[in-house]
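Heads up: the sequence lines are chains Z and B, in that order. According to numbering that gives the first Met the number 0, numbering within the first sequence proceeds without interruption in unit steps and concludes at 401. According to numbering that gives the first Met the number 0, numbering within the second sequence proceeds without interruption in unit steps and concludes at 72.
The following label-pair restraints were derived from C-beta to C-beta distances:
hint, chain 1, residue 1, chain 2, residue 2, range
1, Z, 132, B, 20, 27 to 35 Å
2, Z, 382, B, 27, 35 to 43 Å
3, B, 52, Z, 39, 30 to 38 Å
4, B, 20, Z, 164, 31 to 39 Å
5, Z, 93, B, 52, 21 to 29 Å
6, B, 20, Z, 320, 26 to 34 Å
7, B, 52, Z, 63, 18 to 26 Å
Computed footprint of chain Z on chain B; a stretch qualifies when at least three of its residues, placed anywhere within it, have a C-beta under 8 Å from a C-beta of chain Z:
hint, region
8, 13–20
9, 23–35
10, 52–58
No wet-lab data here; the hints were simulated from the structure. Virtual Cβ for every residue (Gly too), placed ideally from N, Cα, C.
Here are the chains, one letter per residue:
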Amino acid sequence: MTEPPYTVTALPTMRPPGCPFDPPEELAQLREQHPLSRMVFPDGHVGWLVTSHALARAVVADPRFSSRHELMHSPFPGAISAERPPPAAPGMFIGVDPPEHTRYRKLLTGKFTVRRMRSLAARVEEITAEHLDAMERQGPPVDLVQAYAQPVPALMICELLGVPYADREFFQRHALALNNFDAVPEEQYAAYVALQEYLHALVLAKRATPTDDLLGDLAREELTDEELTNIGVLLLGAGLDTTANMLALGTFALLSHPGQLAALRADPGLADQAVEELLRYLSITHTGIRAALEDVELNGHVIKAGESVALSAQAANRDPERFADPDTLDLHRQATGHLSFGHGVHQCLGQQLARVEMRVALPALVTRFPTLRLAISSAEVPLRTNSDIYGVHRLPVAWDKE
Amino acid sequence: MELEVDRERCIGAGMCALTAPEVFDQDLDDGRVMLLDSSPPPGHQAKARRALDVCPSGAITLVSRAGSPADPS
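The shape of chain Z in the complex, shown without the other chains:
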């Protein structure tokens, strides 16, 4: 006899006061007592919430759970639409299942391998050094988001894709609007259309005059202009607003854990492990979604076909069954297996690029400025609570000038 499932009335989003790095406390209680619970979504849909590492992994690895956009109910607060979302536009491979997904993914995986991304490390070093020089020239205080966390990954993704960095103000603004809960659907749609028009023009130019970059390479593949445009929107958007948040929030976390910061400064060889642990501990892409294609029995309950399942990566990444002492930031731990890049066939395509950017940029920052500190109190740091990607809006930092 199975117990009736426990029901939560909304996705918990309130982080404990004064703990900007910790997930909402309610998630830990759910994970312990009801790792698979029913949840009421903002549009009234009654779906599910998964909070344990084992169950979250099981769902995303199971082809009976779909990533198709048109089947999804959004668990995030904010704009509520009574209409069902449309199917993913051609090329938007995050919103489709195999075999459609496989076709796109296969065109792209060779371009994001561990080796290829590591070969970019020297370029990341140059870019970080230039931006650190600029910070030094400017002098403290500096907003680390504007001066470092945003431009370093933005330059890298632009060079990789073949997108003019000079246009960054335009596409950065629109990429931010896409992930903002507070933006009304019209604003989000306008941002998407603006990015699409921009990439479409670029795609046509690359078709006419092939260039030696990722979009130039893809222009020679069997893809329609619409598919290539949407792949460009997806890759550019994903490259701009993810690592940037990890760099800024990661720096904030290190500054708040001086012992860990000292360990990284003392031993740059710790960088790889430090990056994995920060990814786990901070879980900036905190919640994923899938929809059941058929009735699925899981953990003593039946998830019915058509029901949406929200997957709390931040709860899964703090699961004591998987990670000992999970609420402690410990750069020496083996944090591999975290779900911050997802799991299953949709696991982040750009994860090896993100790793290279972080393993270069974080140690470079903390060794360049041995006295780096927040220029405001921790409590004053404006947090990105209104987005499906967590982070900080600004991070004013200071250091002692020699």
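Given the structure of chain Z, go ahead and fit chain B onto it with the hints provided.
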């Protein structure tokens, strides 16, 4: 320890090459898994197991051979 990989299942995430580079690599063209050593020496087995665990697509399997002594760990 004996390993097998399924290149059709593989999605080229690179977790195996990242976790156990002595045992796995990625094809330069399509990014999919290449098994460098199907029976890694004891010194690489823990890493290989970790790679198997973190593979997002379940493309790596441990082959159990009838009659062979149980693998340590």
